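Residues per chain are reported as follows:
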Amino acid sequence: MTQIRLTTPLSDKTVESLRIGQRIVFNGIIYTGRDAAHKKLVELIEQGKELPFDPKGQVIYYVGPSPAKPGKIIGSAGPTTSGRMDIYAPKLYALGLKATIGKGRRSPEVIEAMKKYNGVYMAAVGGAAALIAKSIIDAKVVAYPELGPEAIYRLTVKNFPVIVVNDSLGCDLYDEGIKIYSTK
Amino acid sequence: MGQDMLDSFKKAYEEEISLTGKEILQQLLKNSEIARLDSVPMCQDTGYAVVFAELGQDVRITGNLYDAINEGVRKGYTEGYLRKSIVGHPLERKNTGDNTPAVIHTKIVPGENLRIIVAPKGGGSENMSAIKMLKPAEGVEGVKKFVIDTVKAAGPNPCPPVVVGVGIGGTFEKAALLSKEALLRNLGEKNKLPDIALLEEELLAEINKLGIGPQGLGGRVTALAVHVEIYAAHIASLPVAVNLNCHAARHKEVTL
Chain A
110 MTQIRLTTPL SDKTVESLRI GQRIVFNGII YTGRDAAHKK LVELIEQGKE
160 LPFDPKGQVI YYVGPSPAKP GKIIGSAGPT TSGRMDIYAP KLYALGLKAT
210 IGKGRRSPEV IEAMKKYNGV YMAAVGGAAA LIAKSIIDAK VVAYPELGPE
260 AIYRLTVKNF PVIVVNDSLG CDLYDEGIKI YSTK
Chain B
3 MGQDMLDSFK KAYEEEISLT GKEILQQLLK NSEIARLDSV PMCQDTGYAV
53 VFAELGQDVR ITGNLYDAIN EGVRKGYTEG YLRKSIVGHP LERKNTGDNT
103 PAVIHTKIVP GENLRIIVAP KGGGSENMSA IKMLKPAEGV EGVKKFVIDT
153 VKAAGPNPCP PVVVGVGIGG TFEKAALLSK EALLRNLGEK NKLPDIALLE
203 EELLAEINKL GIGPQGLGGR VTALAVHVEI YAAHIASLPV AVNLNCHAAR
253 HKEVTL
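Line by line, the protein sequences are chains A and B.
In this text, residue positions in the first sequence follow the working numbering: the first is 110, and each later residue adds one.
In this text, residue positions in the second sequence follow the working numbering: the first is 3, and each later residue adds one.
Hints in this document: simulated from the structure, not taken from any laboratory.
All values reported here derive from a predicted model rather than from experimental measurement.
Ideal placement from N, C-alpha and C gives every residue a C-beta, glycine not left out.
Heads up, a few of these hints could be off.
Unchecked claim - No farther apart than 30 Å at their CA atoms in a straight line, the calculated lysine-lysine pairs in the DSS-like style are these:
id, chain 1, residue 1, chain 2, residue 2
1, A, K149, B, K32
2, A, K148, B, K96
3, A, K288, B, K12
4, A, K178, B, K254
5, B, K254, B, K194
6, A, K267, A, K165
7, B, K211, A, K181
8, B, K194, A, K249
9, B, K32, A, K243
10, A, K224, A, K165
11, B, K254, A, K293
Claimed, not checked - Computed, partial: chain A to chain B, Cβ under 10 Å:
id, residue
12, A186
13, N227
14, L282
To be verified - Label pairs and their computed distance ranges (CB to CB):
id, chain 1, residue 1, chain 2, residue 2, range
15, A, K181, B, Q28, 52 to 58 Å
16, A, D163, B, L93, 30 to 36 Å
17, B, A70, A, T116, 50 to 56 Å
18, B, G144, A, K267, 22 to 28 Å
19, B, A234, A, A203, 36 to 42 Å
20, B, D9, A, G279, 54 to 60 Å
21, B, D100, A, K181, 19 to 25 Å
22, B, E17, A, A177, 34 to 40 Å
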């Protein structure tokens, strides 16, 4: 399968051109965030306050890594279930966030937000956490260290592999997969 | 990852017809190899520590067994660089910092041994689990429908290919516990009751017709196994619980 190499931050033009089923490898910076961090980010947005990082053009990876062993950059770091962030995600896409990475389905509201603000959603392989960690070459906490594994990290990644699941046209790879392979 | 899981992955790789699905299964095998060589967790979600303690009735324990188990969890998760995934209060949600407390199920059995089974359970697949109190008239068809509907509704979320634990009978909480116990069985081991073993086979075949596939991206291998446990039921009840496990069906045991 052909892979598309992308460097972050992402331009509108790049995001527009992405289609479901495409294999992407990321290079550059991606940010992490799970439920607790998203709750805090959205509180800041609602209060009109500045966020710990500007989401414009950026990518958020839904992950709570395991602790790094001594001398290591990060522990195992596979995706968590994205649906738990559905309630928060449209507000971040509205601020210019271009992509989210996780596993599992997105709500109709998030898919609508991606259409409206030109965003995409991508899946990393759930459970391939030791393998994925190999493509993370730097990790720094940028906010909420008190949240432990739920802190926001700024990751530098090299050839970080994902698949496009929802594109800016509103298509859904999960639906397409079932259409092809269901024999019921 | 246990040998039963590795064997099951290899079999799944042969059976899968989707190229993406095959690629994912290959990545998961590679992942388990890296995890083994580097002594790191195969998944960052190192789970809720679910502990089954079967205590022989002739064993005398000095001290508090529950405290001892929690101390083991604390040490294991800290010294093993495992993720601390437990919040002490479900609504306040502050991390306890050491993955305690464990969920501990004790059972008194004949004998003078203490058997401890540890089965760390990930949150993503646990969240897609379900229970329903069926009407007895719904029978085995009702049970099948509920199991298949649960796997279908879970779709890509519980990290398929999944292992499906099913508990049928008992009361509300007994069915849930049976479904969890069903996940402790090694993959490929069938229920000893021939009719239930057949039900397991039928459910697996039906689930693998759903087309969800590895990671939900489409394919034939949606589940690696279906394990069913049953118990006596009330004349008015037919409880069914479905406990989903991701492809990392982890469990280890020791007998003291």
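For each hint, the structure was consulted:
Distance restraint check for K149/A and K32/B: the Cα-Cα separation of roughly 36 Å exceeds the 30 Å cut-off, and the hinted pair is therefore not satisfied. With a C-alpha separation of about 14 Å, the suggested pairing of K148/A with K96/B holds against the 30 Å cut-off. Between K288/A and K12/B the CA atoms are separated by roughly 25 Å; this keeps the pair inside 30 Å, and the hint holds. With a C-alpha separation of about 23 Å, the suggested pairing of K178/A with K254/B holds against the 30 Å cut-off.
A distance of roughly 22 Å separates the Cα atoms of K254/B and K194/B; the hinted pair therefore holds under the 30 Å criterion. About 21 Å separates the Cα atoms of K267/A and K165/A, which keeps this hinted pair within 30 Å; it holds. For a cut-off of 30 Å, the pair hint linking K211/B to K181/A is broken: about 42 Å separates their Cα positions. With a C-alpha separation of about 52 Å, the suggested pairing of K194/B with K249/A is violated against the 30 Å cut-off.
The hinted pair formed by K32/B and K243/A meets the criterion: a straight-line CA distance of about 12 Å does not exceed 30 Å. Pair hint K224/A plus K165/A holds up; C-alpha atoms about 16 Å apart against a cutoff of 30 Å. About 36 Å separates the Cα atoms of K254/B and K293/A, which puts this hinted pair outside 30 Å; it is violated. A cut of 10 Å between beta carbons decides the hint on A186/A: the least distance to chain B is about 6 Å, and the hint holds.
Interface hint at N227/A: violated, since its Cβ lies 23 Å from the closest Cβ of chain B, which is beyond the 10 Å cut-off. Taken as an interface hint, L282/A checks out: its beta carbon lies about 6 Å from the nearest beta carbon of chain B, inside 10 Å. Separation of K181/A from Q28/B is about 25 Å and departs from the stated range, judged on CB atoms against 52 to 58 Å. Between D163/A and L93/B the beta carbon distance is about 32 Å. The supplied range of 30 to 36 Å therefore holds.
The given range of 50 to 56 Å is respected by A70/B and T116/A, whose C-beta atoms sit roughly 52 Å from each other. Between G144/B and K267/A the beta carbon distance is about 51 Å. The supplied range of 22 to 28 Å is therefore violated. Checked against the hint of 36 to 42 Å, the pair A234/B and A203/A fails, with Cβ atoms roughly 55 Å apart. In this structure, D9/B and G279/A break the distance hint of 54 to 60 Å, their C-beta atoms being roughly 41 Å apart.
At roughly 20 Å, the beta-carbon separation of D100/B and K181/A lies within the given 19 to 25 Å, and the hint holds. Between E17/B and A177/A the C-beta distance comes to about 37 Å, which sits within the given range of 34 to 40 Å.
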